[in-house]
Amino acid sequence: MGVFPWVAWYAFRRYTAYPLGALAEAVTNTVFGFMRAYILVALWTKRPSLGGYDVADAVTFCFVTQALIGPVQIFGGLELTERIRNGDVAIDLHRPVDLQGWWLADDLARGAAALVLRGGIPLLAGALVFPLRFPEPGTLAVFGVSVLLAIVTGFGLRYLVALGMFWLHDDRGLNSVALVMAMFFSGMLVPLVVFPGWLGEVARVLPWAALVQVPADVFLGKHAGAGLAGALAFQAGWAAVLLAAGRTLTLAARRKLVVHGG
Amino acid sequence: MLDEVLDRTIRMYALLAWTWLRAAARYPVSLALLTAAVAVVGALDLVAIMLLFARAPVIAGFGAAEVLFLYGTSVLSFATADLLLGSSSRLGQHIRQGSLDAMLVRPVSPLIQVATEDFSPRRTGKLIPGAVVLAAVLPRLDAPWDAGRIAMVPLMVLCGTAIFAGLWVLTASLHFVLIDAHAATKSVTDGGGLLTQYPMSVFGRDFVRGVTFAVPLAFVNWQPALYVLDRPDPAGLPSWLRFASPAAAVLVCAAAALAWRSGLRHYRSTGS
Chain V
1 MGVFPWVAWY
11 AFRRYTAYPL
21 GALAEAVTNT
31 VFGFMRAYIL
41 VALWTKRPSL
51 GGYDVADAVT
61 FCFVTQALIG
71 PVQIFGGLEL
81 TERIRNGDVA
91 IDLHRPVDLQ
101 GWWLADDLAR
111 GAAALVLRGG
121 IPLLAGALVF
131 PLRFPEPGTL
141 AVFGVSVLLA
151 IVTGFGLRYL
161 VALGMFWLHD
171 DRGLNSVALV
181 MAMFFSGMLV
191 PLVVFPGWLG
201 EVARVLPWAA
211 LVQVPADVFL
221 GKHAGAGLAG
231 ALAFQAGWAA
241 VLLAAGRTLT
251 LAARRKLVVH
261 GG
Chain H
1 MLDEVLDRTI
11 RMYALLAWTW
21 LRAAARYPVS
31 LALLTAAVAV
41 VGALDLVAIM
51 LLFARAPVIA
61 GFGAAEVLFL
71 YGTSVLSFAT
81 ADLLLGSSSR
91 LGQHIRQGSL
101 DAMLVRPVSP
111 LIQVATEDFS
121 PRRTGKLIPG
131 AVVLAAVLPR
141 LDAPWDAGRI
151 AMVPLMVLCG
161 TAIFAGLWVL
171 TASLHFVLID
181 AHAATKSVTD
191 GGGLLTQYPM
201 SVFGRDFVRG
211 VTFAVPLAFV
221 NWQPALYVLD
231 RPDPAGLPSW
241 LRFASPAAAV
251 LVCAAAALAW
261 RSGLRHYRST
271 GS
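Chains V and H, in that order, give the protein sequences.
If you read the first sequence in the numbering used here, its first letter stands for residue 1, the second for the next number, and so on.
If you read the second sequence in the numbering used here, its first letter stands for residue 1, the second for the next number, and so on.
These are calculated hints, taken from the structure and not from any lab test.
All of these numbers come straight from a predicted model, not from anything done at the bench.
Just so you know, nobody snuck in bad clues.
Covered stretches of chain V, going by a simulated chain H footprint (3 or more residues, C-beta under 8 Å):
#1 8-21
#2 31-40
#3 166-175
#4 188-202
Even glycine gets a Cβ: it sits at the ideal position worked out from N, Cα and C.
The following block holds chain V by itself, in its conformation from the complex (with noise of 0.2 Å):
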């Protein structure tokens, strides 16, 4: 077995060591899962059909998004940052291994642990209390493909952020930026279907509609055959684009890297 397994699993343990804290995220989540569902009620009670989603599919989505939270971790950020403000970014390249491997089994391992411990409590507790639409088995399993992708093409993401440290030596500005233009583009502010005109279209065939609004669509059954291939395509394409993209950056960043201190 090669080392990225043995990654994932040890990460996928630490991510799990404390299940209260992910208990109160989940919380969390799930109150500002209820205040948005009630917000989009409210819109869909006068605009029946707005962007082809009915009062359910509306409801639906806010807790699915709430629900993705934390495996997509849409709010951004990652360990690798602070490894590169404090020098310690150092000792990982110097392991014989892929820096960005090493840290993407990192996150596929995040991403499974949020998803196991912090998915399950906004869905239900939005089930009791709105009329949600749970799709089939089969749908359910694509949509598993779908958060999978999503969880990648954020990792895509938030490695380009990440990255920019070896430049910019402080991540916050870049970091509101990216946090921005998620929220915004990716439909957790807003589902993407209720942006107007050409702002949706644009907002549809960026990299953020794939962190969220791509995969609720699935759960929803918003796709169905070559539609839902074309879905699973977008976000493979955008996941590879953007691995791309950080493989190219983590070149550049050997040769860049100088760690600060006396």
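With chain V held as given, fit chain H onto it using these hints.
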């Protein structure tokens, strides 16, 4: 006697805040950029409201101007409270790392020390969208303005700030008991910040009763706004509640003071 205590509290707070401010001002460009970034992140909620109203002129019985009025007053109260006491949510971290013990031996209230920690003008960035929206929407508001209504606007922001500040200290006090609770208590503070941006008529009836009588978020701006806008309460609650915000603020702050003192008295340092 009380005067002296208050005076000393304010002076200590100002001194420590000033110290952190001078540290932050060492990097002026970074500070300006971070303030702008905080303002933009804070304006995301505003963008959400605009997107909703781009699709429907009236939501839950309220128009765009009225909801923006709620947004402005909510953000101003929330951001001011966050600026003054938001750092108190780091208490759990201090307890875990044992740094609270160091604070306890210093001759200043630990609440002041925690609250002023990393006091940075960048957090004023959150005030910007609130202030801009409120200034733009007040002249466009269809309200029967008179002296009472005009006075109510600054009063509701003041009471809202006190309620949020109280909730921050109250939830921070929970960290004495539940060390890892910050993630969950965010749903009261940050959640309250989102909730009060919308008319309560959006939310379910039981939900509204909960945030009126259990966690008095309805008194941040909703009840006084009904008075300013001269609207009947969609939930049918009595109309004297519109003037109850100062009482709610006093109650929350008193509960917060009690909770903080009792938490601190029962605090035992971590360790094995």
